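*Asks:* Now for the letters of each chain:
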Amino acid sequence: MMTNPTGRITQGQFSFLPDLSDDDIRLQIEYGLRKGYAWSVEYTDDPHPRNTYWEMYGMPMFDLQDAAGVMVELAQCRQTFPQHYIRLMAFDSTRGIESITMSFIVNRPSKELGFGLARQEWHNRTMRYTVHSYATDKPEGERY
Amino acid sequence: MYNIPGQTSHAPARSDAPSAQPVAGAREVAAGAHTVAEVLAHSQVQTVLAELDHGLVGLAPVKQRVRDIAALLVIDRLRKNRGLTAQAPSLHMCFSGNPGTGKTTVALRMAQILHQLGYVRKGHLVAVTRDDLVGQYIGHTAPKTKEVLKKAMGGVLFIDEAYYLYRPENERDYGQEAIEILLQVMENQRDDLVVILAGYKDRMDTFFSSNPGMSSRIAHHLDFPDYSVPELMRIAEQMLVELDYRFEPGDGAAIEDARSTFEAYLQLRMRQPHFANARSVRNALDRARLRQASRLFSQAEIQHTAQDLSTLSASDIRASRLFAATAAT
Numbered sequence: 000m001m002t003n004p005t006g007r008i009t010q011g012q013f014s015f016l017p018d019l020s021d022d023d024i025r026l027q028i029e030y031g032l033r034k035g036y037a038w039s040v041e042y043t044d045d046p047h048p049r050n051t052y053w054e055m056y057g058m059p060m061f062d063l064q065d066a067a068g069v070m071v072e073l074a075q076c077r078q079t080f081p082q083h084y085i086r087l088m089a090f091d092s093t094r095g096i097e098s099i100t101m102s103f104i105v106n107r108p109s110k111e112l113g114f115g116l117a118r119q120e121w122h123n124r125t126m127r128y129t130v131h132s133y134a135t136d137k138p139e140g141e142r143y
Numbered sequence: 000m001y002n003i004p005g006q007t008s009h010a011p012a013r014s015d016a017p018s019a020q021p022v023a024g025a026r027e028v029a030a031g032a033h034t035v036a037e038v039l040a041h042s043q044v045q046t047v048l049a050e051l052d053h054g055l056v057g058l059a060p061v062k063q064r065v066r067d068i069a070a071l072l073v074i075d076r077l078r079k080n081r082g083l084t085a086q087a088p089s090l091h092m093c094f095s096g097n098p099g100t101g102k103t104t105v106a107l108r109m110a111q112i113l114h115q116l117g118y119v120r121k122g123h124l125v126a127v128t129r130d131d132l133v134g135q136y137i138g139h140t141a142p143k144t145k146e147v148l149k150k151a152m153g154g155v156l157f158i159d160e161a162y163y164l165y166r167p168e169n170e171r172d173y174g175q176e177a178i179e180i181l182l183q184v185m186e187n188q189r190d191d192l193v194v195i196l197a198g199y200k201d202r203m204d205t206f207f208s209s210n211p212g213m214s215s216r217i218a219h220h221l222d223f224p225d226y227s228v229p230e231l232m233r234i235a236e237q238m239l240v241e242l243d244y245r246f247e248p249g250d251g252a253a254i255e256d257a258r259s260t261f262e263a264y265l266q267l268r269m270r271q272p273h274f275a276n277a278r279s280v281r282n283a284l285d286r287a288r289l290r291q292a293s294r295l296f297s298q299a300e301i302q303h304t305a306q307d308l309s310t311l312s313a314s315d316i317r318a319s320r321l322f323a324a325t326a327a328t
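Top line first, the protein sequences correspond to chains A and B.
Once you know that position 4 of the first sequence is 3 in numbering that gives the first Met the number 0, the rest is easy, because the numbers rise by one and skip nothing.
Once you know that position 3 of the second sequence is 2 in numbering that gives the first Met the number 0, the rest is easy, because the numbers rise by one and skip nothing.
Since the hints were made in silico from the structure, they are not lab data.
In this text, all values refer to a predicted model and were calculated from it rather than measured experimentally.
Hints may be right or wrong, so weigh each one.
[Unchecked claim] Lysine-lysine pairs mimicking BS3-like chemistry, simulated, CA-CA at most 27 Å apart: (1) Lys143(B) x Lys34(A); (2) Lys62(B) x Lys200(B); (3) Lys34(A) x Lys145(B).
[Claimed, not checked] Here are the simulated distance ranges between beta carbons: (4) Gly35(A) x Arg78(B): 35 to 43 Å; (5) His220(B) x Arg49(A): 55 to 63 Å; (6) Lys137(A) x His220(B): 53 to 61 Å; (7) Arg171(B) x Phe61(A): 26 to 34 Å; (8) Ser92(A) x Leu83(B): 43 to 51 Å; (9) Asp201(B) x Glu141(A): 55 to 63 Å.
Idealized CB from N, CA, C, for every residue including glycine.
Please build the complete structure, drawing on both the sequences and the hints.
*Replies:* This is the structure we're talking about:
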């Protein structure tokens with residue numbers, strides 16, 4: 000069985016859709032801003048599904064009125080990390096929610112390495128399985 | 000079984016998707032317009048211009064320039080509809096004038112006008128001063144300035160007392176860094192925001208002469224003239240109407256006319272240092288309201304009518320220490 004049949008990792012919203020164009024992204028940002036969310040840009044080169052905390056690219060952007068501000072930040076992040084995974088996250092600061100409400104990938108490396116299945120022999124012939132990202136075989140910065 | 004989504008070309012323009020949201024009104028609505036009237040009808044800029052005319056006293060040269068800019072934007076819209084090139088004009092502005100001449104107020108109206116003509120997408124006004132742009136240590140300025148710029152995108156960035164950004168006496172001042180970032184964004188993202196610099200005339204002139212890059216990127220220099228006494232009186236009366244107050248009319252004998260007292264007060268005040276035009280008028284009225292309140296407060300047993308409560312008498316104004324000072328000399 001292939002763990003990564005489409006050659007793309009699927010995390011967050013829209014990840015089964017074709018890549019969003021900049022106009023699509025702008026519309027999503029506008030939607031979030033109308034809801035009062037604060038957007039932030041994050042990147043990583045270790046896309047393991049359990050790697051929740053990606054690196055922040057700049058501070059979360061509060062009090063924005065227009066998507067252009069987020070798009071500027073995204074363009075800068077893409078320029079700095081063209082071969083990293085980059086995602087946009089929307090934080091809802093409403094009392095009682097206070098968490099991320101939207102998150103989607105907006106930049107992927109040109110070749111996604113995907114994951115392998117690692118088996119571990121345990122006592123009594125037990126098998127333990129885990130996924131292992133091929134990317135992390137290489138040191139940081141050389142992965143993609 | 001598996002089609003590879005990333006490999007397909009980008010999805011076609013999603014006209015049905017969330018774009019059905021009310022995106023910046025005028026830009027789409029006036030797409031088919033071929034006459035000035037049609038554009039005006041769609042954009043409702045007429046109402047804002049009328050409001051500018053009636054709501055603000057004096058300022059004739061400023062109003063004319065605002066009208067010119069509005070006209071240019073309307074004609075550009077028509078050109079665009081006819082398939083002619085309509086390159087977005089540079090609309091960065093400089094408002095120079097003495098304190099209290101209405102720079103901030105006009106900036107607010109300008110944001111509305113630009114929004115209604117679809118030049119800026121959101122039409123909000125972000126008012127900042129040097130402290131909001133310039134950091135306190137190395138590496139602090141750029142993120143701070145960029146954050147403010149991001150907040151202002153889609154609207155108007157109003158930099159009050161802009162000449163403070165540049166401090167020639169300190170060559171290691173971080174203000175220069177903020178200016179450079181500003182210049183870059185003003186040049187590259189003209190569609191995203193409009194920058195309005197404001198400040199006193201003479202100091203703005205020095206600011207521009209030492210920052211020629213800034214001067215050349217600002218297309219519109221608007222001078223705000225000082226108000227004359229009749230104009231200030233009209234401003235005062237507008238303020239009173241908004242607050243539901245009025246001047247007590249005189250009867251020519253026992254009761255002094257509060258309006259002419261206030262005019263006399265203004266004459267005196269204008270000769271004092273730190274006269275701040277409309278702002279001084281507002282402060283004077285606020286002080287008169289205080290005195291009126293304590294006058295009524297002292298009459299504990301009397302039932303005050305609505306008229307009593309909204310009338311400023313001449314004595315309330317006469318109590319100003321300006322009159323006392325002139326009487327003494």
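*Asks:* Does each hint hold? Answer for all of them.
*Replies:* Evaluation of the provided hints:
Proximity of Lys143(B) to Lys34(A) is assessed by CA-CA distance (about 25 Å); at most 27 Å being required, the pair is judged to hold. With a C-alpha separation of about 18 Å, the suggested pair Lys62(B) and Lys200(B) falls inside the 27 Å cut-off, and the hint holds. The suggested pairing of Lys34(A) with Lys145(B) holds, with an alpha-carbon distance near 23 Å, which does not exceed 27 Å. The hinted range of 35 to 43 Å is satisfied by Gly35(A) and Arg78(B), whose Cβ atoms lie roughly 37 Å apart.
At about 58 Å, the CB distance of His220(B) to Arg49(A) agrees with the hint of 55 to 63 Å. With their beta carbons about 57 Å apart, Lys137(A) and His220(B) fall inside the hinted range of 53 to 61 Å. Evaluation of the 26 to 34 Å hint for Arg171(B) and Phe61(A) yields a pass: the beta carbon distance comes to about 31 Å. Between Ser92(A) and Leu83(B) the CB atoms are about 46 Å apart, so this pair conforms to the stated range of 43 to 51 Å.
A C-beta distance of roughly 58 Å is found between Asp201(B) and Glu141(A), which places it inside the suggested range of 55 to 63 Å.
The structure fails none of the hints (numbered hints given earlier).
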